[in-house]
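All chains, please: the whole structure from these sequences, using the hints.
So the number in the working numbering is just where the residue sits in the sequence shown, counting from 1, plus 1.
None of these hints come from the bench; they were simulated from the model. Treat each hint with caution, since some may be false.
[To be verified] The calculated label-pair distances, taken between Cβ atoms and stated as ranges, are:
#	residue 1	residue 2	range
1	Glu172	Ala203	33 to 43 Å
2	Val195	Phe164	15 to 25 Å
3	Ser26	Ala203	40 to 50 Å
Built from N, CA and C at the ideal position, the CB exists for glycine as well.
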Amino acid sequence: AFVALIFVYSFVPSIFGLTRVVELSGGPAIAPPNPRAMSAPTPIVIHILSSSLFCLLGALQFLPSLRHAHPFFHRLSGRLVALAGALSALSGLWMTFAYAFPSQLQGPALFWARLLLSSAMLALIAWGVVAIRRRNFHAHGAAMIRAYAIGQGASTQAVFGIFWMILWGVELMGPARDIMMLAAWGVNLIAAEVVITARFRATRRGPRTSRLPSQTNRRRASAS
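Okay, structure coming up:
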């Protein structure tokens, strides 16, 4: 259920982004006009495709059954997720520097947050790859979950924006929009820490439970 929820959660911004790719490739204009995408489409196309793959395929990495029953597919899809995440972060940096956003869409706080979070996402993915090569599974999982939380920022931002439109009938602009965007990343990162803590506690409980039978058997053997 958790993975299905993440998958559906990723679907809305992915579909919206893919309609932009269709438009830029000569298809019908479905999404609202974006002059930055029309003037320099390359970074936004890379960002949409890589982010969609990162979020949708990344959701499957949360499945324990995939890791245990199909380790080869887990490793293969993990490599694709890491590559897609790196491209998403790099293209995010590219767009932040290359596009001239109006102040209604990006203030200084959002500009620096995008630089910081894109760089952090790239660093976390790199550390996740290094950690798994060292067989440090906890560090690998924690790094990739945090990177995934950053990459899922657009999903939470879309949900916040939709709810605001439903409640007030207008789109957020200016500093209020910047705050909403930052809050979405904050919520995601808090959720990531909750998931990491829960997984760590479950991992620590596992060995204790598995040692109980052996301890009981030793006591019985010594008593006999």
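(request) Identify every previously stated hint that the structure contradicts and give their numbers, smallest first. (result) none
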